[in-house]
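The opening residue of the sequence shown carries number 1 in the UniProt record's numbering; numbering runs sequentially from there.
In short, the hints are calculated from the structure, not lab data. In this text, a Cβ means the ideal position worked out from N, Cα and C, and glycines have one as well. Among these hints, one or two may not hold up.
So the derived label-pair ranges between C-beta atoms look like this [as the list claims (entries may be wrong)]:
hint, residue 1, residue 2, range
1, A134, G241, 43 to 51 Å
2, D240, P132, 47 to 55 Å
3, H219, D129, 30 to 38 Å
4, T200, T122, 17 to 25 Å
5, E155, Q237, 24 to 32 Å
6, R161, P132, 23 to 31 Å
7, D201, V42, 26 to 34 Å
8, E100, R181, 20 to 28 Å
9, R37, G177, 29 to 37 Å
10, P26, D199, 36 to 44 Å
11, D49, R181, 29 to 37 Å
12, V31, T149, 22 to 30 Å
13, A52, A12, 15 to 23 Å
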Amino acid sequence: MPAARTGPRRPARPRIGITGSVRRWPFKRWVDAFAVRLTGGVPVSMRPDWVADVEALDGFVITGGLDVAAAVYAGTARPDPEAGHSRDRFELALLDHALECGKPVLGICRGMQLLNIHAGGTLHDNVADAYPHAPPVRTLRPRRLVHVTADSHLERITGTRALKVNALHDQSVKQTGAGLRVSAADPYGIVQAVEAVPDTDGPFRLGVQWHPEWLVWQHRHRALYRHFIAEARAHAQHRDGSQTAGSPRNPACQTPAR
Numbered sequence: 001m002p003a004a005r006t007g008p009r010r011p012a013r014p015r016i017g018i019t020g021s022v023r024r025w026p027f028k029r030w031v032d033a034f035a036v037r038l039t040g041g042v043p044v045s046m047r048p049d050w051v052a053d054v055e056a057l058d059g060f061v062i063t064g065g066l067d068v069a070a071a072v073y074a075g076t077a078r079p080d081p082e083a084g085h086s087r088d089r090f091e092l093a094l095l096d097h098a099l100e101c102g103k104p105v106l107g108i109c110r111g112m113q114l115l116n117i118h119a120g121g122t123l124h125d126n127v128a129d130a131y132p133h134a135p136p137v138r139t140l141r142p143r144r145l146v147h148v149t150a151d152s153h154l155e156r157i158t159g160t161r162a163l164k165v166n167a168l169h170d171q172s173v174k175q176t177g178a179g180l181r182v183s184a185a186d187p188y189g190i191v192q193a194v195e196a197v198p199d200t201d202g203p204f205r206l207g208v209q210w211h212p213e214w215l216v217w218q219h220r221h222r223a224l225y226r227h228f229i230a231e232a233r234a235h236a237q238h239r240d241g242s243q244t245a246g247s248p249r250n251p252a253c254q255t256p257a258r
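The task is simple: from the sequences and hints, build the whole structure.
Here is the structure:
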């Protein structure tokens with residue numbers, strides 16, 4: 001009979017809600033889930049019609065996909081019949097929930113843009129029009145150089161001031177929202193990452209314009225997920241401790257209304 005374990009229990013793996021398109025892209029969903037599972041989380045796939053209680057989730061990855069609808073940020077882009085207005089509304093409600101309940105958020109590409117819009121920021125409708133001198137880069141491979149802001153949270157996470165990233169976006173951050181700051185940009189000034197301003201109330205929030213889920217084989221990109229998962233685990237432990245102590249349940253931390 002094997003001896004009973006006497007060491008400390010391993011912390012539970014946090015449950016991470018991963019948003020996605022109304023379209024069915026099974027391989028992309030697998031890639032998103034793999035990045036979370038690889039770095040210590042339990043992926044929970046979410047779509048705009050998701051109705052389960054989100055209180056049991058410990059953090060959210062707002063993923064890439066179709067452009068954010070121009071009406072959401074008062075843009076002037078031609079309406080896209082494929083744009084997912086229901087997804088925009090669903091993810092903005094999730095961001096309300098995350099901010100109210102102290103849950104960390106990692107925004108990827110479109111997710112970074114939505115994170116900025118949620119904070120009151122604006123977008124460029126088309127990055128090629130806004131930055132005509134920037135050479136077009138559209139690839140899953142790490143071919144774009146970005147400069148990481150000194151003393152930013154992103155620099156501490158990745159341990160570098162320069163990163164090679166991929167690029168698949170049409171829109172980009174124009175003006176940052178309240179409580180956010182730019183933490184990376186490319187040589188042409190295109191915003192590549194935003195993060196919560198230090199010493200402000202609220203949970204961990206980081207948005208990156210690139211797609212680290214396709215680059216988790218590189219340790220600096222994998223570090224983004226590892227840190228996010230650590231923040232989610234800390235939230236889960238704090239929540240479980242509060243419930244054990246008999247703290248009242250926060251009604252705002254249940255399923256967001258849509």
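Going through the hints against the structure:
The supplied range of 43 to 51 Å is met by A134 and G241, whose beta-carbon atoms lie about 48 Å from each other. Taking 47 to 55 Å as the suggested C-beta distance range, the pair D240 and P132 conforms, at roughly 52 Å. Look at H219 against D129: about 36 Å separates their beta carbons, and that is inside 30 to 38 Å. The supplied range of 17 to 25 Å is met by T200 and T122, whose beta-carbon atoms lie about 20 Å from each other.
About 26 Å separates the C-beta atoms of E155 and Q237, a value consistent with the hinted range of 24 to 32 Å. Distance hint check: the CB atoms of R161 and P132 are about 27 Å apart, consistent with the given range 23 to 31 Å. Taking the beta carbon of each, D201 and V42 are about 28 Å apart, inside 26 to 34 Å as hinted. The hinted range of 20 to 28 Å is satisfied by E100 and R181, whose Cβ atoms lie roughly 22 Å apart.
One distance hint, 29 to 37 Å for the beta-carbon pair R37 and G177, holds here, with the actual separation near 31 Å. Separated by about 42 Å at the C-beta atoms, P26 and D199 satisfy the suggested range of 36 to 44 Å. Range check, D49 to R181: about 34 Å between beta-carbon atoms, so the 29 to 37 Å window is met. Against the hinted window of 22 to 30 Å, the Cβ-Cβ separation of V31 and T149 comes to about 28 Å, which satisfies the hint.
In this structure the supplied range 15 to 23 Å holds for A52 paired with A12, their Cβ-Cβ distance being about 19 Å.
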